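A.B. asks: Now for the letters of each chain:
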Amino acid sequence: MLKRIGAALTAAFFITTSAALAAEKPKDPDIIHIGALFAMTGKTSFYGTVMSQGMKQAIDEINAKGGVDGIKLEADIEDHKGGVAKAGVDGFTRLRNLYNVQAVMTSFSPPTLAIAPIADEQKIFLINGGGVSNNLVGASKYLFHNRSLASDLGHAAVSHAHDLGLKKMAELAWNSDAGDNIVKVVDEYWKKNGGTVVASEKMDVGAANIDTQVAKIRAGNPDFVGLWLFSPDPGVAAKRIRDFGLKVPLIGVEYTADVQKLGGAALEGYEFTSDYFQPSADEPWSAAFAKGYKERYHSDPDFYAANYYEGVYVIAEAMKRARAEGGDWYHGDKIAAALRANPTFKSVYGGSMVFQANGVAKKRVALFKVQNGNKVFEKYIEAK
Amino acid sequence: MDLFAQLFVNGLVNGSHYALLGVGFGLIFATTRILHFAYGPIFTAAAYAAWFAANVLGLPIAAAMLFAAAIAAVLGVITYQYLYLPFERGQGSSHVTLIASLGLFIVLENLIAIIFGTGGRVIDGYQYSIFLIGPIYFSSVQLGQVIAMVVLTALLGVYLARTRHGKAILATTDNPEMARIIGIDTVKVSRLVFAIGSALSAIPATLILLKDGASPSMGFFAVFIAFVAVIVGGVGSLRGAVAGGLALGMVESLGLWKIPTEWQSSIAFIVLFLVVLLRPQGLFGRAVN
Amino acid sequence: MEYILHILVMVCIYGILAVSFNLLIGFAGLFAMAQAAFYAFGAYATAILTLKLGLPFPADLLVGVAITAFIGALVAIPAIRISGTYLVVVTLALQVIVIAIATNWKSLTGGTDGLRGIPSLHIFGYALDNPGRFLPAAIVALGICFWIAWRLANSPFGRALRAMRENESAAEAVGKNLLYMKVAVFAFSAGLAAVAGSLFARYLNYVGAESFGIDETIYMLAMVILGGTGNLWGSLVGAAVLVILPELLKFVTLPTEIADKSHLIIYGLLLIVILRLRPEGLLAERSTMRHLPHVDDTSRHSAEMTEPLRKGEVTLSGNDLHKRFGGIVAVAGFNIVLKSGSITGLIGPNGAGKTTAFNLLTGFLSLDSGNITFRGRNITGLKSHDIVRAGVARSFQDLRLFTKMTALENVMVALPNQAGDRVFDVFFRPMKIHREEQDNLVRARAVLDFVGLTHKAYETAENLSYAEEKLLVIGRLLATGAEVFLFDEPLSGLDRTTLAEIFPIVRKLADSGKTICIIEHNLDVIKELCDVVYFLDEGHAMAIGTPDQLMSDPALATRYFK
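Residue numbers (the working numbering), protein chains in the order written: chain E, 243 to 626; chain Y, 5 to 293; chain C, 268 to 829.
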């Protein structure tokens, strides 16, 4: 027995000293498990579908190129049932225990807020590319976002409306954190700049019926309608607004294939500010991603797929940098430190993005307009 | 005043939609006393069936609607025959049947999401027309919702009152024991109401597909509102289900005239709360213990 | 492993919820669908009190439980008027409204973002901030909550709850105060759910409205029904199965796109299969077995019961009673005088107002005018359970036995003045209750002996023969200790041999000085038993006399006897 303890102590001594002596030699896991918490079931499982598709494509691509310095990646996706805090914690705990994940891709406010304290305690790297409520910023010191803040997008949208010389704003917002964040920023901006808010209506996420809201908006006789909604509701709302004979401009903060599908012709002329994701020949990476996505899933990627695709690359790159430091690098805090040490990453949108001190990546935001059922780039927007 | 008129029409339209859902659900509930929670995903399945018929098979809308009704009826009958009936024969309490129904709800909803994907579905190229009367806008689909409710409810009323099968349904609704004694095959009657009730749900389902598109989770709200409409109106009364549905639609619409719209999901329930307190038997129901 | 510990914590939290919900659904038969709203109150109370007011444990928990219990008690008030489907809807409405408030009252609840940073529990300076550390606290909480529910369910109060579940009017007719019972059980159920809510808030350090929606209530309902209504252990099993099953299913490896949806499909199917195999739930309801005392011990009480009262005194009298239903006159100017030691018969054609008269005399219907006195005391307008306690009890034509309870329980629940009916005594005077229960057993045994059902004491009422059911009705009425018994057709549908067994029992009651009034159609029975007969028609007494006098009256004969 004593002998064995002695052996263990000697071994421990050697390991620590050797690590100290040769910081170059990294301690690698066999496989790098990247966890994810997505809405795989429930009302909003549309998001889970596209996010997981983007994530898996990136992982397959990276593995095809040899993984992270030869270590393969694996995606482990858990369902938070469309943003249920408890389901998020269930999934997160499972990921931690079964796969010893050090990096988790997350989405939706409640599950992210619920896992944030655990991530802090256990030092797990988190990255979120979905909707960003201001409340998420800084929820954990290891939480990063490669998605613009909803309130920033809203701000950009109304400043465009201001540039157009519009005065009377009506708004239809999600009755959710994201919707509230936008309304707060937008109303403040709009009033400060001499505009009036003639109607401020709320709708539940995926509400079955918004006729009342639209009727009230029409009664306000606005110059334009701000749609502070996310997929697929801008499409539904645009359609209903046109049904009610309201022909004023529509300005929003989101556009996806689903939005187009449900909105159809009603979306003609819809302008929106969004993370700039526009696959084109000028941006080889985004073009390659879009091509690969189309081959795999037979549909065009939207920016949610792009963000989670990109998120995997951010994780892989941060891990590479952490590994380069050597030693016992495979920990969330080391990965986060590597990110913070050099917060500039290549973006699938083209060019690069920079993670700010608050964890939010400064990405290109642009104004688009829907023409003939397609989004058309109008201009880049300077972040505030 | 223009706003009020528009809200009134909206209430009428949505109320008609709720009423028709309530009529189908209420027929099943009153006759079989089964809280058919899986009415929701069958409603969803009908919407997808209509989508399939119109978009993939290329049938005209009316034919797609009939196709959806047929699919829904078949699903309804299968549900009764292979889920509820064994439970009833096995002496399961109504609670147990309710949870079994919930189990089926989960199964169907996820099955639909797997088969058809999680994104929304619309009929490609379908465009409804918009009418303007005075200050009031409405679409042909909305008009269809009102007409469907009026016509189908009237037809059902006549069917129940005039035909042999209809009378058997009414007798069973009234008193299943007595119906059995006078020689009515109540299992057959139950199968019939499941067919009719489910087929009825296909019409509002198709109209919603035309109006907003279909999504796998659209069924929960449908069965929820149908249930509430039936209770508000009074169980076992066709008139009641219609009144209940219309009342819900009106309250939801007019109630938000002055109240902020974030209360939309609960306003109908506040009214419901009061209705049940003041008239526990529902608007048109008979007092039952 | 932390994952397993986490799942066990969730089992504890849902165990509390399912147990609390079972009190309402399984024991009291109150189908209230707002349990997740009570859960929410507990969670938000802890979140708000700790974050905004800095209250330390256990103040936040206690305040939360108190508030939630109070709200639960308020819900009971509509529940007194409405039942069944309508209660479902009112509570469903409450559920939706509470969540809407939690979503929209942003300054207090944080809206859909919820409230984060709720401090972890600290016990003696030891932070319970991970699943392993939290689990012991969760188990203790579950243990305490389970004990409270268990104590309540297995007390005389719990027995009364089950009686109320089986038949509300019959429970009232044996003197149970339904309003009190509903208020108490709602308060307890809601309060216990609030404990789970507080645990949830402390464990996740986060509270958001999405955790307490209608789907959560349905989830808890599934636990209760799967586990078995009316069985608290069943609720624990139900909670464990429905929490663990989905986690196990996650180990079924499937392609990402369909994995979680397929897991839910399997989950739904398993739910159906389990219920098919066990339609009563995993653990069925069991009656609490108590052993009947020896005959020797009962002698004292038998004596007490047969102790003669003075005969021939006026006990119950109804004067000029009137009752209309809409346009229909049911009772008009009905006068009746009942005397101790005598058996009065009430006859008359269908619709003559006989049962309505009983309903008026016992407070089941309110009078339009007239008054009722019992031994000179005006009891007009008293609640029916108070009238029973005063000494006037009635039976129902359609029996209304507590069918899922044993014959013994049917009798025990009817015994008067049980301290165990009061929740306070159940928890704070356990010895008193214990002694009283021993006493009650003796009394119940005496009653069962009297009606000759001792050998069926442990049989549930639904398994008795028709004649035995009738006897049990008499026994249950007898157990109320009332002085006046109003029997609504106690003997209808019985054959001659059975009648011959029951006659002496009724006679013996009268001989012991009880006042008896019987509604009856069988003239042989009337002739055999009754001292006085009232002939009722059109809502009032057309004739009063001995059976022979009435039957020889030609006018009455044409009206009724032909």
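Be a bit skeptical, because a hint or two may be false.
Reference listing, derived: stretches of chain E covered by chain C, where coverage requires no fewer than 3 residues with Cβ under 8 Å from a Cβ of chain C [unchecked claim]:
hint, region
1, 488-499
2, 598-612
So these bits of chain C aren't anywhere near chain Y, every CB distance computed over 12 Å [claimed, not checked]:
hint, residue
3, 352
4, 504
5, 528
6, 531
7, 547
8, 692
9, 763
It is worth saying that the hints were derived from the structure and are not from the lab. None of the values given here were measured: they were computed from a predicted structure. Don't be surprised by glycine CBs; every beta carbon is placed ideally from N, CA and C.
A.B. asks: Tell me, which hint numbers fail for this structure?
C.D. replies: Violated hints (numbers, rising): 1, 2, 3, 5, 6 and 7; every other hint is consistent with the structure.
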